[in-house]
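Spelled out, the chains give:
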Amino acid sequence: MDTNIGERTSEAQPKWRKVAYGGMQPGFDDNHTDDSFLEDMVMNANVVKRNMLKVMQDSVSISQYLCIVVLVGLVWTYTLRSTLDEKSLLFLDISLLGLGFMVILLTGEMLSLKLLSHYLLNISFFTTGLYILAPIYHILTRSISSDSIWAVTVLLLLLHLFLHDYSGSTIKPPGALQNPTLISCISLNASVVASVFIASRLPSRLHVFAIMLFSLQVFLFAPLVTYCIKKYSIWLHLLLSFFLMSVTLGLVYSLHRLLFVMLLGLLVFVNVVCPYWLIRIQEYKFEINGPWDEAKLCFDITD
Amino acid sequence: MGQQKERHRILMVSDFFYPNFGGVENHIYYLSQCLLKLGHKVVVMTHAYGNRSGVRYMTGGLKVYYIPWTPFLMQNTLPTFYGTLPIIRTILIREKISLVHGHQAFSTLCHEALMHARTMGYKVVFTDHSLYGFSDVGSIHMNKVLQFTLADVTQAICVSHTSKENTVLRSGLPPEKVFVIPNAVDTAMFKPAVERPSRDEIVIVVISRLVYRKGADLLVEVIPEVCRLYPYVKICDKVRFIIGGDGPKRVRLEEMREKHSLQDRVEMLGAVPHAQVRSVLVSGHIFLNSSLTEAFCIAILEAASCGLLTVSTRVGGVPEVLPDDMVVLAEPDPSDMVHAIKKAISILPMIDPQVMHNRMKGLYDWHDVAKRTEIVYDRALKCTNQSLLGRLSRYLSCGAWAGKLFCLVMIIDFLLWRLLQIWQPAEHIEEVPDFTLSHDED
Numbered sequence: 001m002d003t004n005i006g007e008r009t010s011e012a013q014p015k016w017r018k019v020a021y022g023g024m025q026p027g028f029d030d031n032h033t034d035d036s037f038l039e040d041m042v043m044n045a046n047v048v049k050r051n052m053l054k055v056m057q058d059s060v061s062i063s064q065y066l067c068i069v070v071l072v073g074l075v076w077t078y079t080l081r082s083t084l085d086e087k088s089l090l091f092l093d094i095s096l097l098g099l100g101f102m103v104i105l106l107t108g109e110m111l112s113l114k115l116l117s118h119y120l121l122n123i124s125f126f127t128t129g130l131y132i133l134a135p136i137y138h139i140l141t142r143s144i145s146s147d148s149i150w151a152v153t154v155l156l157l158l159l160h161l162f163l164h165d166y167s168g169s170t171i172k173p174p175g176a177l178q179n180p181t182l183i184s185c186i187s188l189n190a191s192v193v194a195s196v197f198i199a200s201r202l203p204s205r206l207h208v209f210a211i212m213l214f215s216l217q218v219f220l221f222a223p224l225v226t227y228c229i230k231k232y233s234i235w236l237h238l239l240l241s242f243f244l245m246s247v248t249l250g251l252v253y254s255l256h257r258l259l260f261v262m263l264l265g266l267l268v269f270v271n272v273v274c275p276y277w278l279i280r281i282q283e284y285k286f287e288i289n290g291p292w293d294e295a296k297l298c299f300d301i302t303d
Numbered sequence: 001m002g003q004q005k006e007r008h009r010i011l012m013v014s015d016f017f018y019p020n021f022g023g024v025e026n027h028i029y030y031l032s033q034c035l036l037k038l039g040h041k042v043v044v045m046t047h048a049y050g051n052r053s054g055v056r057y058m059t060g061g062l063k064v065y066y067i068p069w070t071p072f073l074m075q076n077t078l079p080t081f082y083g084t085l086p087i088i089r090t091i092l093i094r095e096k097i098s099l100v101h102g103h104q105a106f107s108t109l110c111h112e113a114l115m116h117a118r119t120m121g122y123k124v125v126f127t128d129h130s131l132y133g134f135s136d137v138g139s140i141h142m143n144k145v146l147q148f149t150l151a152d153v154t155q156a157i158c159v160s161h162t163s164k165e166n167t168v169l170r171s172g173l174p175p176e177k178v179f180v181i182p183n184a185v186d187t188a189m190f191k192p193a194v195e196r197p198s199r200d201e202i203v204i205v206v207i208s209r210l211v212y213r214k215g216a217d218l219l220v221e222v223i224p225e226v227c228r229l230y231p232y233v234k235i236c237d238k239v240r241f242i243i244g245g246d247g248p249k250r251v252r253l254e255e256m257r258e259k260h261s262l263q264d265r266v267e268m269l270g271a272v273p274h275a276q277v278r279s280v281l282v283s284g285h286i287f288l289n290s291s292l293t294e295a296f297c298i299a300i301l302e303a304a305s306c307g308l309l310t311v312s313t314r315v316g317g318v319p320e321v322l323p324d325d326m327v328v329l330a331e332p333d334p335s336d337m338v339h340a341i342k343k344a345i346s347i348l349p350m351i352d353p354q355v356m357h358n359r360m361k362g363l364y365d366w367h368d369v370a371k372r373t374e375i376v377y378d379r380a381l382k383c384t385n386q387s388l389l390g391r392l393s394r395y396l397s398c399g400a401w402a403g404k405l406f407c408l409v410m411i412i413d414f415l416l417w418r419l420l421q422i423w424q425p426a427e428h429i430e431e432v433p434d435f436t437l438s439h440d441e442d
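Chains A and B, in that order, give the protein sequences.
Counting from 1, position 248 in the first sequence corresponds to residue 248 in the UniProt record's numbering; the numbering is continuous, with no gaps.
Counting from 1, position 418 in the second sequence corresponds to residue 418 in the UniProt record's numbering; the numbering is continuous, with no gaps.
Source of the hints: derived by calculation from the structure; they are not laboratory data.
Some clues are possibly wrong.
Listed below are the simulated DMTMM-like cross-link pairs for lysine to aspartate or glutamate, each with C-alpha atoms no more than 25 Å apart in a straight line [stated by the list, open to error]: (1) B:K382 x A:D29; (2) B:K238 x B:D352; (3) B:K144 x A:E283; (4) A:K296 x B:D136; (5) B:K96 x B:E427.
Covered stretches of chain B, going by a simulated chain A footprint (3 or more residues, C-beta under 8 Å) [what the hints assert, rightly or not]: (6) 122-134; (7) 165-175; (8) 180-186; (9) 252-265; (10) 316-326; (11) 358-366; (12) 372-382.
If we take Cβ atoms under 8 Å as the criterion, some of the chain A residues that face chain B in the derived model are [what the hints assert, rightly or not]: (13) K18; (14) G23; (15) G27; (16) L161; (17) F162; (18) D165; (19) E294.
Cβ coordinates follow ideal geometry from the N, Cα and C atoms, glycine included.
Start from the sequences, fold in the hints, and give me the full structure.
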């Protein structure tokens, strides 16, 4: 039957056209398929070729934040073991605050006295509030056993790390265009709840205040500070990351041998194995576009 | 000539049927009517709409089963996999059905019916009425479901060539099994106005649901620009818009009208019942379709049949629908659309609605659609029967995990069917006597 059709087309048959009108095309069945079938299909049009070095460099941000969270955990542990007293904790808070300010002022383009006073006012409100609430935090979860507290804290920190927005920061510098997403807000809240839980295990109110201030400072503003550094200079960012990594690894080594091995393994996994993996699975990428796709509007819809 | 041929007994299945309204519903109704005229027996099965439950008869003796399953989302029944098996089996045996024809990829009832029909050894045909992408989660899920249904379908029908390409890619069917049979339009219902609309002002008609997918946001950009290009001061080129339809984007359009103070030039009618679509269409000169995705677009056919020149976005199957001289196509981009409208206004004097209508009569006809569908049915019935094992191997090739899951679903279906056969033997189900409606009346 097919050859029959072929002969007839070679004589005087009109060519088959890719149209729906005019009923059945003479000489061709409705299931006729010719070379033009799928000719408008585009494969892998938007796939970005990735560079191993670039991906590794990007993954440093993740390990950097990982180290920051581990450092917070270390401070918690040392405070609970009474290695760190409240005075040194408060000193740590103030020095971190000052350092953070310095970084933001030096790297950001928003160097103005008005903004600085605005920040200072907010921070004083924040600390006062925290100081007033410290007694409540102190006894908030008294009735819960320490084991449950530790388990929940670890889970919350894992949730925090899993949902954290590693590409930017949840706390935006003023004038940022986008609002934080729901996911990153959940992540931030998980970390805050974890610090409240830990704070309730501490011996005095001043301890609670100092540790809460420390945790909130880090969880709220560390992403903003590292984001500013990264935007300012990628080399400074890498330098800071490696410094943080070595400090964390050293401190964890002195705390526990097994934890050190686990952290080292995790850092290698994040920085080397995952990028290699991503590059490897790129070849399985198979993206199809064609006339059936919904057209994208080329202008912004502001509802 | 239909009488000499084998008389098919067809069951049309879809969640979408009257009293609901849309392209699929229209397609099933007109196809059924024309198949009845060709001498076949057609029964439609859909879910209950409100208190419309049970058996109804429509024009020409078309029997409709509204099975008592209530829809839960967008007129779809809840997917239960096996819940519908007893009632579908009963209908198939009662009506002595020889072939099952399912419509629309996101109708759960259609998927379930096709699955049960295949289990019971019936030949099945599937018509796909819509397009799907490959990128978002919803589409990926739908494509897997479609792959499951189409893995074992005897023949498939698509409404346009673009839709065929899409379906072949989504389901992995060989292209030879997929037929392209477009929709049609009832040209007798969509006649141009007896006296031609005056040329004092040019009326551009838009009739569509005002949602994102239909390009309501494009209209918001295009309408003020066109109104600016054709100010109301000159004597000749006055342009006015009539927008029929309702939806979440209606507020945006009303805002636009307010912002550019176009109240006297943009008329918003709200939802237009299908019976009144023609009267709205004939009051205009140009039909504007701004869809972002469209498998076929019956609205364009209705407008062209009323003698309107169509301006449309070049998406999906739209470029295949009309010959180039009956439609002006544009990219889905405001400046290109404005350009197309300008072009349409300039060629408008050459358009004679009556000539356009007569051409449409030759281009599209439901009887032609029915005859072409009949060929697909003939082919489907000629296909060899397959054993359960042969069919299972086809499901197994659908994917590493999905394949095994599909097989499991089919095996359970097969066992349930056997159980039903013992519990309620086919001999105990009463068969419906046939009656023939005399065609002399019409």
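Structure versus earlier hints, numbers of those that do not hold, lowest first
Hint check: 9, 15, 16, 17, 18 fail, others pass.
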